[in-house]
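K.L.:
Chains as they are written, first to last, in the numbering used here: chain A, 1 to 338; chain B, 1001 to 1401.
Mixed in with the good hints, there may be bad ones.
To be verified - Where chain A lies over chain B, by a calculated footprint (3+ residues, C-beta under 8 Å):
| hint | stretch |
| --- | --- |
| 1 | 1192-1200 |
| 2 | 1342-1353 |
| 3 | 1362-1372 |
| 4 | 1381-1389 |
Claimed, not checked - Pairs of lysine-lysine residues, derived as DSS-like cross-links and limited to a Cα-Cα distance of at most 30 Å, are as follows:
| hint | chain 1 | residue 1 | chain 2 | residue 2 |
| --- | --- | --- | --- | --- |
| 5 | B | LYS1338 | A | LYS206 |
| 6 | A | LYS135 | B | LYS1338 |
| 7 | B | LYS1338 | A | LYS164 |
| 8 | A | LYS131 | B | LYS1254 |
| 9 | B | LYS1254 | A | LYS169 |
| 10 | B | LYS1182 | A | LYS169 |
| 11 | A | LYS132 | B | LYS1338 |
| 12 | B | LYS1338 | A | LYS183 |
FYI, nobody ran anything at the bench for these hints, they're computed from the structure. Positions of the beta carbon are idealized from the N, C-alpha and C atoms, including for glycine.
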Amino acid sequence: MKRVSLVFTLALAAGLSTNAATAQTLKTVKDRGLLSCGVSQGLPGFSSPDDKGNWTGIDVDVCRAVAAAIFDDPTKVKFVPLSAKDRFTALQSGEIDVLSRNTTWTLSRDTSLGANFTGVTYYDGQGFLVKKSLKVNSALELNSASVCVQTGTTTEQNLADYFKGNNMKYEVIAFGTADETVKAYESGRCDVFTSDVSQLYAERLKLSNPADHAVLPEVISKEPLGPMVRHGDDQWFDLVKWTLFAMVDAEELGVTQKNVGEMAKSDKPELKRAFGTDGNLGEQLGLTKDWFSRIVKAVGNYGESFDRNVGSGSKLGIARGLNQLWSKGGIQYAPPIR
Amino acid sequence: MSIEARPPPPQFAARLQRALGGRAGWSGFVVQILFVAALVWIFYEIVANARTNLENQHITAGFGFLKNTAGFDVSQSLVPYSGSDTYTRVFLVGLLNTLLVSLIGIFFATLIGFLVALGRLSPNWLLSRISGGYVELVRNLPLLFQILFWYLAVLAALPGPRQSISLFSSFFLSNRGLIIPKPIGNPAFEPFVMAVAVAIAAAFLLWRYARRQLFQSGKLITIWPYVLGLLVGLPLVTALVFGAPVRFEFPELKGFNFAGGSRVIPEFVALTLALSTYTAAFIAEIVRAGILSVHKGQMEAGASLGLARGSVLRLIVIPQALRVILPPLTNQYLNLTKNSSLAVAIGYPDLVSVFAGTTLSQTGQAIEIIGITMGVYLLISLVTSAVMSFYGWRLGRSLEG
């Protein structure tokens, strides 16, 4: 018995002392044959499973695009649903390779969590959802209101700042998950549910009578949502960053899921570079030459993904707004592929 | 029959050997040393490994974050708190909320548990079946489910703040909680408190005196009229001399909610209800077992002395049963305290919710925060155990002496 326990002890110690290899994410993912992607526990439009267990959403598309770029197969992703407060720990510990979970880019998150934001998938802002029967038309009329919020988000701090800045009192009730928060709001525990505007539209669909609730016009914060990767693996950081850029650039270049085959044969120099018929840009990322067409074939360009998941082609019906391309009045902009 | 010589007392070295190595002797001692050394080494490896990994990933480490501004608000706080306070303050707020719900939960769980146990042992068929049914129903359903049930049931049963159920226009019950007038101390508050303290002390001394008289000379002195006179009279006199000790701030409906007054939030009510009814079911079984462990003869002896059933239980059975009850009862108290960490599901701002939840996700310092939180629960549990052991030790002494 004693010998057995000693062996066990040594094995345990040896196991613990191996470093959670951080600089080899691409290799780890390839060896595993699957991309491990952290998503929300169900936020329509961003990441939610359908009745067959297939994940869809704009955040999901980012992970599918990364998987397509690596494996040429957008289904080689394992989605890990995470609560707001568990998400960073899951990324830090190596349980997931990419965190694509409507996460706001802030300075402190970029610096102290040991993780980096790779770009912005969705420019959002915080707003308020109220019952129409309260007859409130502006967030400035919310003095003394009870506010339901999901814990572990930037929302809690924005809320405190906004009410303090406008000399208003309020009561905050913070819940662990979005579902619990919405349930409490619906039961009348709070007058207001606050979150990112896109999330308000998504959660409103889940209420028993969506038409009785309205999103107030005020947007009280900047919430650029984007994917995160672990700090210290620049190759992986570049790969995830350029996957998103590729989607945005594809929209700008007019490459869609439908026409990607024809466009690949184009003689235009910028298309030849993107499709890898000229140069080896994909290989510089650690991928193959056809990485760009793999991504567009799998999920389409940024605009297509937006429309399908949150925009005019979806139940949410959110306008492009800030998320329109820079050339069309929005601020979505990607550096050139060259 | 010859008298055999007693074996000589073992020598010091032999005693040491036995103490350290047990039956295995010196070799056992060496194995123990190796085992402890291995434990220390593993622990050191874990810490060192975590440190290097954190450094490699550029994750901030250390406890400096405790001095940073929290920047978020909390719905219930026993100490003054605002969003511009530090994370240390948040920790304190969460800790006090955890302690509050645990203490009140323990109180009600014990009360309900004892009543249900007595009910279950009662000769009354209906009462004993109802108590039995309660125990079987409550202890076999998951706690989280019960917490959510109470929360949603409480919320669903209550009207919105504008349609509050009101009592004397000063107590209001709605889905925002129970709002009661808030007492505010007048200048006469201090003499009033002193008068109450003096009255309590005097009543206690009187009780001790009466008890001693009863035990020494068998004289039964009726003290309750004096005690009542002291407890009511003395504060009343001070109030008449110095004026009203407190005035009340009455709640008023302003905008969405009530302004002024004190408030008991529904999250607290639901959590306390769920924790105390759940734990009470277990306590009831422990108490029942304890009472059944006292020999039937004790009960009969008490009855033959002419004592009523209540007095037999109170004076004879329960003091003896407590020796059996106490250790598992302590376990239930510890469980209740630890179970209070399910609060986050219904938005009650306990330690796990505001510190290991919001603070953790805002600072990202998982190892430090989880470490502190675990340490705190350990400390609370150890203190609870110590208090209960002390009570058990005193109880044992008084039963023997």
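K.L.:
If a hint holds in the structure, say so; if it does not, say that too.
P.N.:
Here is what the structure says about each hint:
1. 1192-1200: Violated, because only 0 residues of the stretch 1192-1200 of chain B bring their Cβ atoms closer than 8 Å to Cβ atoms of chain A.
2. 1342-1353: Since three or more residues must qualify, the claim that chain A covers the stretch 1342-1353 of chain B holds, with 6 doing so at under 8 Å.
3. 1362-1372: holds (count 5)
4. 1381-1389: violated (count 0)
5. B:LYS1338 x A:LYS206: violated, 33 Å
6. A:LYS135 x B:LYS1338: With Cα atoms ~43 Å apart, LYS135 (chain A) and LYS1338 (chain B) exceed 30 Å; violated.
7. B:LYS1338 x A:LYS164: violated, 34 Å
8. A:LYS131 x B:LYS1254: holds, 18 Å
9. B:LYS1254 x A:LYS169: holds, 11 Å
10. B:LYS1182 x A:LYS169: holds, 19 Å
11. A:LYS132 x B:LYS1338: violated, 41 Å
12. B:LYS1338 x A:LYS183: Satisfied, since the Cα-Cα distance of roughly 25 Å is no more than 30 Å.
The structure fails hints 1, 4, 5, 6, 7 and 11 (numbered hints given earlier, in ascending order).
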